[in-house]
Amino acid sequence: MSNVAINVDNIVNLLKSSTTVQEINRVLDEVASLTHTKIRDIQRNMFSAMRLAKAGGNPIMVKIMELAEKRKSEI
Numbered sequence: 000m001s002n003v004a005i006n007v008d009n010i011v012n013l014l015k016s017s018t019t020v021q022e023i024n025r026v027l028d029e030v031a032s033l034t035h036t037k038i039r040d041i042q043r044n045m046f047s048a049m050r051l052a053k054a055g056g057n058p059i060m061v062k063i064m065e066l067a068e069k070r071k072s073e074i
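All the letters of the sequence shown, read from the start, carry residue numbers 0 to 74 under numbering that gives the first Met the number 0.
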């Protein structure tokens, strides 16, 4: 089993370099998997950062979701 280090700078760079919404969603899914954070509902719809924060989600994942939402609006 290998260890994976997650830091916000790497994730931000991945989000900034993403050119499609699908790439951003893949980054979010991978980070959620590594941080053991649920970011989708039963119908596989992605939560918003606000909903995740209100549910008491992982603060790092909330920040990443906010950045991803901002990047999606730029694309």
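By construction, these hints were calculated from the structure, which means they are not laboratory data. Just to be clear, a hint being listed does not mean it is correct.
As the list claims (entries may be wrong) - Keeping only pairs whose Cα atoms sit at most 35 Å apart, straight-line, the calculated DSBU-like set for lysine-lysine is:
#, residue 1, residue 2
1, Lys69, Lys53
2, Lys53, Lys15
3, Lys71, Lys53
4, Lys53, Lys37
5, Lys71, Lys37
6, Lys15, Lys37
7, Lys15, Lys71
8, Lys69, Lys37
9, Lys62, Lys15
10, Lys62, Lys37
11, Lys15, Lys69
Checking one constraint from the list: CA of Lys69 to CA of Lys53, max 35 Å. Satisfied?
Within the cut-off at roughly 19 Å; holds.
Mind checking the alpha carbons of Lys62 and Lys15 for me, to see if they're no more than 35 Å apart?
holds (14 Å)
Next pair to validate is Lys62 with Lys37; report whether the Cα-Cα distance is within 35 Å.
holds (14 Å)
For a C-alpha distance cap of 35 Å, please report whether Lys53 and Lys37 respect it.
Satisfied, since the Cα-Cα distance of roughly 13 Å is no more than 35 Å.
Within 35 Å, alpha carbon to alpha carbon, are Lys69 and Lys37?
holds (20 Å)
Does Lys69 sit within 35 Å of Lys15, going by the straight-line distance between their CA atoms?
holds (10 Å)
Are Lys71 and Lys37 close enough, with their CA atoms no more than 35 Å apart?
Status holds; Cα separation ~20 Å.
Please work out if Lys53 and Lys15 have their alpha carbons no farther apart than 35 Å.
Judged against 35 Å, a Cα distance of about 26 Å means the pair holds.
Assess, step by step, whether the Cα of Lys71 is no farther than 35 Å from the Cα of Lys53, and give holds or violated.
holds (21 Å)
Regarding the pair Lys15 and Lys37, is the alpha-carbon distance no greater than 35 Å?
holds (23 Å)
Lys15 and Lys71 were given as a pair; does the straight-line alpha-carbon distance stay at or below 35 Å?
holds (10 Å)
The structure agrees with every numbered hint stated previously.
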